[in-house]
Every structure is written in C-alpha cells, then in structure tokens.
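Asks: In case you want the letters, here they are:
There are 4 protein chains.
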Amino acid sequence: MSLRILATGGTFDKHYDEIAGKLGFGDSHLPAVIARSRMTVKAALEQLPLLDSLEMQDADRQRVLASCRASAESAIVIIHGTDTMRETGEVLGNAKLGKTIILTGAMIPYEIANSDALFNLGFACGVAQTLPSGVYVAMNGQVFGWDNVQKNRVAGVFQPG
Amino acid sequence: MSLRILATGGTFDKHYDEIAGKLGFGDSHLPAVIARSRMTVKAALEQLPLLDSLEMQDADRQRVLASCRASAESAIVIIHGTDTMRETGEVLGNAKLGKTIILTGAMIPYEIANSDALFNLGFACGVAQTLPSGVYVAMNGQVFGWDNVQKNRVAGVFQPG
Amino acid sequence: MSLRILATGGTFDKHYDEIAGKLGFGDSHLPAVIARSRMTVKAALEQLPLLDSLEMQDADRQRVLASCRASAESAIVIIHGTDTMRETGEVLGNAKLGKTIILTGAMIPYEIANSDALFNLGFACGVAQTLPSGVYVAMNGQVFGWDNVQKNRVAGVFQPG
Amino acid sequence: MSLRILATGGTFDKHYDEIAGKLGFGDSHLPAVIARSRMTVKAALEQLPLLDSLEMQDADRQRVLASCRASAESAIVIIHGTDTMRETGEVLGNAKLGKTIILTGAMIPYEIANSDALFNLGFACGVAQTLPSGVYVAMNGQVFGWDNVQKNRVAGVFQPG
Numbered sequence: 001m002s003l004r005i006l007a008t009g010g011t012f013d014k015h016y017d018e019i020a021g022k023l024g025f026g027d028s029h030l031p032a033v034i035a036r037s038r039m040t041v042k043a044a045l046e047q048l049p050l051l052d053s054l055e056m057q058d059a060d061r062q063r064v065l066a067s068c069r070a071s072a073e074s075a076i077v078i079i080h081g082t083d084t085m086r087e088t089g090e091v092l093g094n095a096k097l098g099k100t101i102i103l104t105g106a107m108i109p110y111e112i113a114n115s116d117a118l119f120n121l122g123f124a125c126g127v128a129q130t131l132p133s134g135v136y137v138a139m140n141g142q143v144f145g146w147d148n149v150q151k152n153r154v155a156g157v158f159q160p161g
Numbered sequence: 001m002s003l004r005i006l007a008t009g010g011t012f013d014k015h016y017d018e019i020a021g022k023l024g025f026g027d028s029h030l031p032a033v034i035a036r037s038r039m040t041v042k043a044a045l046e047q048l049p050l051l052d053s054l055e056m057q058d059a060d061r062q063r064v065l066a067s068c069r070a071s072a073e074s075a076i077v078i079i080h081g082t083d084t085m086r087e088t089g090e091v092l093g094n095a096k097l098g099k100t101i102i103l104t105g106a107m108i109p110y111e112i113a114n115s116d117a118l119f120n121l122g123f124a125c126g127v128a129q130t131l132p133s134g135v136y137v138a139m140n141g142q143v144f145g146w147d148n149v150q151k152n153r154v155a156g157v158f159q160p161g
Numbered sequence: 001m002s003l004r005i006l007a008t009g010g011t012f013d014k015h016y017d018e019i020a021g022k023l024g025f026g027d028s029h030l031p032a033v034i035a036r037s038r039m040t041v042k043a044a045l046e047q048l049p050l051l052d053s054l055e056m057q058d059a060d061r062q063r064v065l066a067s068c069r070a071s072a073e074s075a076i077v078i079i080h081g082t083d084t085m086r087e088t089g090e091v092l093g094n095a096k097l098g099k100t101i102i103l104t105g106a107m108i109p110y111e112i113a114n115s116d117a118l119f120n121l122g123f124a125c126g127v128a129q130t131l132p133s134g135v136y137v138a139m140n141g142q143v144f145g146w147d148n149v150q151k152n153r154v155a156g157v158f159q160p161g
Numbered sequence: 001m002s003l004r005i006l007a008t009g010g011t012f013d014k015h016y017d018e019i020a021g022k023l024g025f026g027d028s029h030l031p032a033v034i035a036r037s038r039m040t041v042k043a044a045l046e047q048l049p050l051l052d053s054l055e056m057q058d059a060d061r062q063r064v065l066a067s068c069r070a071s072a073e074s075a076i077v078i079i080h081g082t083d084t085m086r087e088t089g090e091v092l093g094n095a096k097l098g099k100t101i102i103l104t105g106a107m108i109p110y111e112i113a114n115s116d117a118l119f120n121l122g123f124a125c126g127v128a129q130t131l132p133s134g135v136y137v138a139m140n141g142q143v144f145g146w147d148n149v150q151k152n153r154v155a156g157v158f159q160p161g
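Residue numbers (UniProt numbering), protein chains in the order written: chain A, 1 to 161; chain B, 1 to 161; chain C, 1 to 161; chain D, 1 to 161.
Hint data in this document are derived by calculation from the structure and do not stem from the laboratory. Don't take every hint at face value.
[Claimed, not checked] Each computed DMTMM-like pair below joins lysine to aspartate or glutamate, with the alpha-carbon atoms no more than 25 Å apart: (1) C/Lys22 / A/Asp17; (2) B/Lys151 / B/Glu90; (3) B/Lys42 / C/Glu18; (4) A/Lys151 / A/Asp60; (5) B/Lys22 / D/Asp60; (6) A/Lys22 / C/Asp52.
So here's chain A without its partners, still in its complex pose (with noise of 0.2 Å):
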C-alpha cells in the first residue's frame, strides 16, 4: 500500500507572516508533518497551489482532478480548505476515478496551538488505506461521503447534509 498526498492549502497549511503580520501562505508544512508523523508506508507528497478554498476556482479544482486522475496511488489524501471540501468533492466524485480520494483539512492551522491538523492527517491517512474507492470528507474523527457532508459554520464542525 502507498499513499499520495496533495496538499492544496487550506486553514490546515496557513502560516504566520511576522512581517505581514498575518496569516497567509508560505512553505507547505507538510514535508515537516510526513517525518513527525514517521510514517513507513510510502508517501508521495505533491504540492499544488497553496489557496485559501474560498478562493479556489473550476480551474483549481480540475488541476486537483488531474492530479488524482494522474496518480499512481489509488490511495489519496488532500489537505484542502474546509469551506469549499464539498464543491471538490463533487468534482472527483463525478469523475469516478476508482480510487479511495480523502480530503482533509483542519480547523486550526498546523503552526498554532490546539490545532487538529495533525489528528486530521492521520486519521485521513487510516481510511484512505481502508476504505473502497470513493470520494470522502474526514474531519471530527468521522468520514462522510462526499454529497452527504456539510460545515456547519456556526458550530465549527461538519455534519451529514
């Protein structure tokens, strides 16, 4: 078993400009989160655009489907924005690729205190090898599928819908 792992941005990835003074993207986290995470099984990392989901166009979302589409792992995490999870899991849905696809994200940035990047990624990395082909959402230590999911932005969290 192997995984592929697209990092797409997302709150997950954000990082803290000091000169800016905000938040924003910069270097993916995600080389640095693979080693903490000491996974043995193999982990192709691929980075694409580093966006805010809420910003991602049809374009970004079909350079995801490529992506996935490309793969040589039938076993797919992508670290996404949680806002629009839904939207791109509609596009790999449709494309019925044969592949277990997981996204993921997080609802505190990697770098910040408390976050559940990590718990995320790891759980993501589970169902992705466990799962049948499909599209999922995994966040809150559920899986959904991917037109049966919905974030509830007042509570901060995902649920059927």
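Mind docking chains B, C and D on chain A? Use the hints.
Replies: Using the frame of chain A, we list chains B, C and D on its own:
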C-alpha cells in the same frame, strides 16, 4: 458509529515531573487530546492504570481484555506502550471478541516537541471505524495484524514479523 | 521587588478564532504565560482592553498612563502591539512617573509556533527590575529609550532612531 | 553591548531520545532558541559538553570558569542544570572576573510543553545587560547573588539562602 478509547499509559501519555526531574505518569493527556481532535463521533474514554508497557503483567493485560469484552462499542482504540503491543495483541486476539480493536501509541510523548502521538491517535480512530473485526497494531501510518508485527528497536519503527 | 504586568493586546496576545477563521482577541494568554514562567516575584496582572496597536487611540494611551500612575509597583511591564510602542512610550515618558516602565510585545503571537513572546516577556521582567526609572522599549533582546527607537517594518526588528 | 551564551546542558537542553526512550543530551537547542528570540544584540554562542548538573565535576566547573575568563564579552549567560548552580556560582564568584555572569536554566526542558526555558533565557539576557559585574542566579523571574541562593527541591523553586 461510536468509539471506546482505552488509556493504558505508554510513551504516548508520559508526563515530565518537574520536581522529580523525570518522565512518568500523571493525569492522562487523553481528555485534552480528544477535545483537541474535535471528534464529533461519540468517543467514550476509559482510563486504566497508566503503565510503562515493559512493566505490564498478565493481570494488566487481563484487565485490558476485560474492558474490551465489556465495551458497548465495537470499535476500540487502545493507547499502549510500544514495547509490548504484540503481547497484549495476542491476549486480545486469542479472545476472539468480534470487535475492531486497534493498539496504538507513540515514539515520542504527546507533550514533547515533534511527537507522533496525535497523528497516531487520528490514524487509529480512522481505521477503528473502517476495518473488519479483529485485533490490529496501528503505528507509522500502517496497519498490522496482531500476529504479524514487531517493533524494530534499533530503527524505532514497526514492521511485519 | 514586585512587578505589575499590563496586558493591552498586540500581536503577543492574538488568538486564532476557529469559527471566524482569523486572528483576533479572546481571553488574554497572560495568566497562563505567567504561570508557565514560574515567577516567584510578586506579579500583579492588570488586563486593559486588548487592542491591535494600530487601532489604539489617545484615550487608550491615557488609560495605560492612568494604570501606570496608579500602580503600587514601581516596576511595570506593558504587553503592547509593536506598531505604536513609540507613541505610547512618548505619552508615558512625558508623564515622568518615576517608575521603571518596559514596553514589550512579540513579532509572532504567543500561541503560534516559534513565537518570541515568552522570551520577550522574560527579558522585560528582568530589565524592569534592574533599570533605573524611565520608559523603555525591550524587543529583540535589546533595551531602547522610548525616544530613541523605531520599528523597521521591512526587517521586522527594532532599532535606534 | 554584546553577549556570550554558554551552553553547559542541564534540564533546559535535555532531548528525548526516541530510540532509547529517555531524556538525555543531543544537539543543543540553543541555536534554534536564539534564532527564535530574534535577538539583534550580538550573541556569541559557545557550547561546552552538555551535562546533567548533578554529574558536573570540578574539572567541568573549571572549564566553565576558563570560558568566562576568556570571554571577550563582559555580559555572559550560562545555561546550567538547576541542581548545582550554586556550586558553579561559587567557583565563578570567587574568581572575581569583573564580568556580569548570569546562571540560568529550566525546570522543564525546552522541548517539553509548558517549559520555562525560553522565559528564563529572556530574563537572563536582560539582566546580563543591566546588572553590575558579579555572579548571579536568575530563576523564577528573580535575581539572586551566587552566595545567597538555594534550590528548594520540594517546591521546585529558587529562594534566598
């Protein structure tokens, strides 16, 4: 789907005692870790005596078995020391409980920089919900059957064997 | 010797709001930070409204001045945003209170990886106890007089000027 | 003003060895800690053998003394184990070097959650630049003369004595 999480100690849960100047066990980190994970799946935490797994005796393993047997949840994650996961796995595996039981732990304590604990817990909580009933060790981003795993103490990783 | 610590906000005390998805102000981190410092010197914490220093108005600076004037302790550390330390320093310096007042802050919020906040607080608490009365800015491991300091916004450091 | 920072080990600099499963010494954390502090004051780092201070012998203290004597900087911060700060302080104090020498350390290693190490280093770097020549212990947000300090091992704090 709901989960039971059994805390039994191990490196994952070690705590630095600043008066004694060494690592030992205090209050379990698991309540804070579970809160941090933002799990919305129901997760019942059960704390057994926190032990270094090298000090686990038969009676301790029987207590873990009793908790698994009594568990109303059929998906169980056990936080365990890395040195004797296989021995506990054997006790649980031979009992044929018809539940999905995942042994996990950490190479670096949760409270120490660069710890794999949170990743491993996420991974274990994922595969506990997706694997068929059986007893497994989940470490290094991989799932092993309880009777085909060993810790490579030189490299500090788990491998088949 | 005893200290007064005034929390006024700034980058030091910013908090990531996971629902809003941005940095702002919540409860001050100072109570936790002071506990972590294990200070045995008596340190009275006084929390003023937490503000981004770019949004500080004259009335806000007068409130800081009033707190310094009323302080029973003659050694005062002010946690302040980095962008207008000099302006607040001028208000305090011109008041000639006969106390040792140290303005400090952080380039990276306390709760974000690699933050300088804890170092700066330690530094400030040290020089607050040892410098003669006056108003100072303490950043980057250096002490500056309030009337001879500027923030180099390109480099993100403080320097004389 | 410029500083010399001497790394001699102690709790501050302990590192968790995941293969051995215990705390010991590896590469010093000081280069990373100094970078994190964003000090612009010139700080020369000198690494001596990293030791638990309970294992420091006379020869080790003489080496610390030799480094202080040879230091081109007259402000020196020594990162030291907490258990024998007083003994090293006595060797340095009796040598009457005419420099400002600050012994500091930590109750919790830098790499463990809730560590006081970064606060203590900031505190020490502050008072090293402001105190008259002499040998001091700086812990718990307080400065002690080398001949009037003791570690209260039950409470885990420093006090006069």
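Asks: Checked against the structure, which of the hints given earlier come out wrong?
Replies: Result: no hint breaks.
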